[in-house]
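S.K.: Construct the complete structure from the given sequences, taking the supplied hints into account.
Number of protein chains: 2
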Amino acid sequence: MTITGQHLIAGEWSGNASQGFSATHAINNEQMEETFADATPAEIDLAIERANQAFKSYQQLSAPKRAKFLRNIGEEILALGDELINMACAETGLPVMRIQGERGRTIGQLGLFADLLESGEYQSVIDEADAERQPLPKPDTRLGYLPLGVVGVFAASNFPLAFSTAGGDTASALAAGCPVIMKAHAAHPGTAELVARAIAKAIQNCDIDPGVFSLLQGKNYAISSQIVTHPNIKAVGFTGSERVGMILQKQINERAEPIPFYGELGSVNPQFIMPGKLAKDAVEIAQALVASLMMGQGQFCTSPGIWAYIEESNSCDFESAASAAIAETQAGVMLTPAIAATYNRAVEQWQSLSGVELLAQGQAGVEHFGRAALFATDFTTFKATPILHEEVFGSCALIIRLKNLSEMVDFIGLLKGNLTASIHAVASDIEESKQVASLIAHKVGRLIYNQMPTGVEVCASMNHGGPFPASTDVRTTSVGSEAIKRFQRPICYQNMPDELLPALLRR
Amino acid sequence: MTITGQHLIAGEWSGNASQGFSATHAINNEQMEETFADATPAEIDLAIERANQAFKSYQQLSAPKRAKFLRNIGEEILALGDELINMACAETGLPVMRIQGERGRTIGQLGLFADLLESGEYQSVIDEADAERQPLPKPDTRLGYLPLGVVGVFAASNFPLAFSTAGGDTASALAAGCPVIMKAHAAHPGTAELVARAIAKAIQNCDIDPGVFSLLQGKNYAISSQIVTHPNIKAVGFTGSERVGMILQKQINERAEPIPFYGELGSVNPQFIMPGKLAKDAVEIAQALVASLMMGQGQFCTSPGIWAYIEESNSCDFESAASAAIAETQAGVMLTPAIAATYNRAVEQWQSLSGVELLAQGQAGVEHFGRAALFATDFTTFKATPILHEEVFGSCALIIRLKNLSEMVDFIGLLKGNLTASIHAVASDIEESKQVASLIAHKVGRLIYNQMPTGVEVCASMNHGGPFPASTDVRTTSVGSEAIKRFQRPICYQNMPDELLPALLRR
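Chains as they are written, first to last, in the numbering used here: chain E, -13 to 493; chain W, -13 to 493.
None of these hints come from the bench; they were simulated from the model.
Accuracy of the hints is not assured; some may be wrong.
Unchecked claim - Below, simulated DSBU-like cross-link-like pairs (lysine-lysine); rule was C-alpha separation at most 35 Å, straight line: (1) W:471 / E:124; (2) E:402 / W:471; (3) E:205 / W:236.
What the hints assert, rightly or not - Facing chain W, from chain E, some residues (calculated, C-beta under 7 Å): (4) -3; (5) 47; (6) 71; (7) 127; (8) 207; (9) 412; (10) 416; (11) 417; (12) 449; (13) 460; (14) 478.
The beta-carbon is built from N, C-alpha and C at its ideal position, and this holds for glycine as well.
M.R.: Here it is as structure tokens:
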């Protein structure tokens, strides 16, 4: 299939791709041949207008029909075959196995929401009338949920499938009954176009108003600004850097009507290695942390960026095992040349910080590759050096050497919000672990015991979010079936006859 | 009991009341003798600091103990006896029966959350581990909820008990495990002090850290600003005007960390009288609407401010019955002289609008009383006159004469967000009602059939909120047990041993 480089606007491919931008081939670092259009203001307006029109019929679509649509998107993604895998690998540099796994997860997510929709009364609350109640009769009240309206979604650089075109936010918004305006990521526009074709086919197969999904290509910041400030956009999902996320948040704050902004912005995912664990498994835990750090070249949202332990006689074993494992790692391609440059600058900057020791580096690679780096520092330096509190996106980790539990407690107090934290412990660590758990719980969206933070289970009890800056809205998750709530809101129907009630709430 | 005029800060009464402000006796419009302190920056900081300290122990308090605390607050409010009723009546001008009823509702709300806490596993989702799953084992994941932290609550002028010191936001925040900083309303500071005494007693009775609740008195806007921008405030609840609400929203937008802002700002609560209903019950429905409008002198958030119908041969009956009922109403005291002045100015302004007809006024009263007013206009004038789209807080209603269903549909398109709307209809109106319901649903938080909007049932299926400006966050309710979610957020516990899990989530 030839890539058109165009936008998909309500079922039509349009836009002038010849004047546009190209993605970079991640591995050989050259511009790819396909060029992509930059969405114009008129194209953005048209996409949102058509989405708002489509909202009228799409919100009325029964839950089983919406479920069928979601499953069909998954089938059509699978039908894209190797072309999708090859394109995503070329654009992102992620290995084939990883992209295949991510495709499975993406289809699985669509299926999870389909299951939820088919399961029926997942949310309704009904309080029947009581005419005899004193002093006043009780009316019949039924709590249902309405979709918010058109949702703007921004694709993530690091998950070209699972957090992009047909990713989590698209799946949960469509499940909720909301049309989606998808802003493709400029790092993988070809992947976006292919997945958008799959969605367009599913829309045709299921006879749905094509306005329900539009894909906009572009590299121009004005596109994002126009989307998030449009009066007919009723919620925004974004996964990316704190810098860009806060620009969007500011623009959203200027709107006349406040809307939810679900930004996932950054996380250092602290790891706590408790004394008993360190005594028992220093080498194993060091190696496991390095393996987790190296997943996707450190470009996972849940990558373990900070490892905190209390210094003991065997601390050396931990650090030397971790250093040895880091030194053995190969340099790897990063998602984009810009991400690689930012990563390399950050590692260089850390090397110049006083009180921060470079313990080990991975093997060197070409310029647009990332090279793992392991640093160590103490509590005092960490406290005095705000830049160490920020996420470095890539395979760089910082060991924090703490004197005692009391310093670990103070260290937790310095942390900002995170997606996850892990406590690595054995039975003898239980009292200390309790204390750490009760404090770090307030800084994370997911608290893990003796497992690595990378890898997010897609299920009903998952929470992928967390206190700011992990997320701009700590009250919701971007992964798992609870994510449907991002794009719905409650409505109470009082004393309504069945004919006027949604099917789910009828007598 | 003598009113001290002071703040309650973490169990201590303090502040210089002699330099402060007085409330106005609503009925005789004279300054009351009690003077109240204006909270200083140091007092505000101290209250928030103590609340943040208390959060550590309060969030660990078991659900049954929190339930007991909530019930005890209700008992202590009841124990205040007539002093509370008399004070609230004097400060607000609301009649004794209404204040007694509101006290019952306030105690009922506290009990509702106590029931919820005692009912146990109301929110947990558990997905057990599956070591055999391919290609990867499934970890044990358990979804729980954590309180957000210290909550700032602003008391409402129109509900001195149910939306004030121990009102809905306080009850749901305390139920969720969050300490509360309550900013009393300057119109009923004595009522606030009395209720705060009841809370202080319950805190003592239940042996809870007194930092969990502070009451700050004041008339100075800087107090509100300091509360909502404080880094340790993690959510804000507010019920009041759109003007003040948007000032707070702007200040909250400037925070480094985004937090939820639950502002309930204004609502015209449109009423749709369908043709069959008009033909059958023109007089009855007119009288019922006037009765609903006159509740609390039109100062209910859910007061029916706009009545829309399609002109038919018997439209005259409806308008003349409504006019006659309005003309018979007595002028009534309003909550504050400022509210009365704003109301009277708005009615005067409407009288000067071209295309807007004054159908009837209630009987005249003294200057600080409100006098009911009924206006009528057509679709074209309504569309061209934005001021008619805004809530007039008080007993003023606007009839919209529509030519046909298509104009009713267009009229719905012009409406902003509302707390409620009612459809008044008979069986023959069903098709038109369906169309109206499907459209107006997206503009309201509660949709009612053949009942009046005033009176909000406090139950699990209630939703009191709505699209902006009814609420700044359409995703939550301020009334009913779902309100606890305003002050909680999800956390996933992965692979955690029982010792580290909250009681609710243990195996």
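S.K.: Tell me if the interface restraint on residue 127 of chain E is satisfied: Cβ within less than 7 Å of some Cβ in chain W.
M.R.: 4 Å, holds
S.K.: When the nearest CB of chain W is found for residue 478 of chain E, is that gap smaller than 7 Å?
M.R.: Hint holds; residue 478 of chain E Cβ to chain W Cβ min 4 Å, cut 7 Å.
S.K.: Against chain W, with CB atoms and a cut of 7 Å, does the hint on residue 416 of chain E hold up?
M.R.: 6 Å, holds
S.K.: Keeping to a limit of 35 Å between CA atoms, is the pair of residue 471 of chain W and residue 124 of chain E held or broken?
M.R.: 24 Å, holds
S.K.: Would you check the hint for residue 205 of chain E and residue 236 of chain W, treating anything up to 35 Å between C-alpha atoms as holding?
M.R.: 30 Å, holds
S.K.: Mind checking the CB of residue 207 of chain E against every CB in chain W and telling me if the closest is under 7 Å?
M.R.: 20 Å, violated
S.K.: Checking one constraint from the list: CA of residue 402 of chain E to CA of residue 471 of chain W, max 35 Å. Satisfied?
M.R.: Measuring from Cα to Cα gives roughly 23 Å; hence the hint holds.
S.K.: Can we keep the residue 417 of chain E interface hint, with Cβ of chain W closer than 7 Å?
M.R.: Violated - the Cβ of residue 417 of chain E stays beyond 7 Å from chain W, reaching only about 9 Å at its closest.
S.K.: Could you check if residue -3 of chain E really has its C-beta closer than 7 Å to a C-beta on chain W?
M.R.: Not OK, violated: residue -3 of chain E not within 7 Å of chain W, min 24 Å.
S.K.: Against chain W, is residue 47 of chain E within 7 Å by beta-carbon distance?
M.R.: Violated, because the Cβ-Cβ distance from residue 47 of chain E to chain W comes to roughly 13 Å (cut-off 7 Å).
S.K.: Does residue 71 of chain E meet its interface restraint, that is, does its C-beta lie within less than 7 Å of any C-beta in chain W?
M.R.: 17 Å, violated
S.K.: Holds or violated: is there a CB of chain W closer than 7 Å to the CB of residue 449 of chain E?
M.R.: Interface hint status for residue 449 of chain E: holds (4 Å vs cutoff 7 Å).
When held up to the earlier numbered hints, the structure conflicts with 4, 5, 6, 8, 9 and 11 and fits the remainder.
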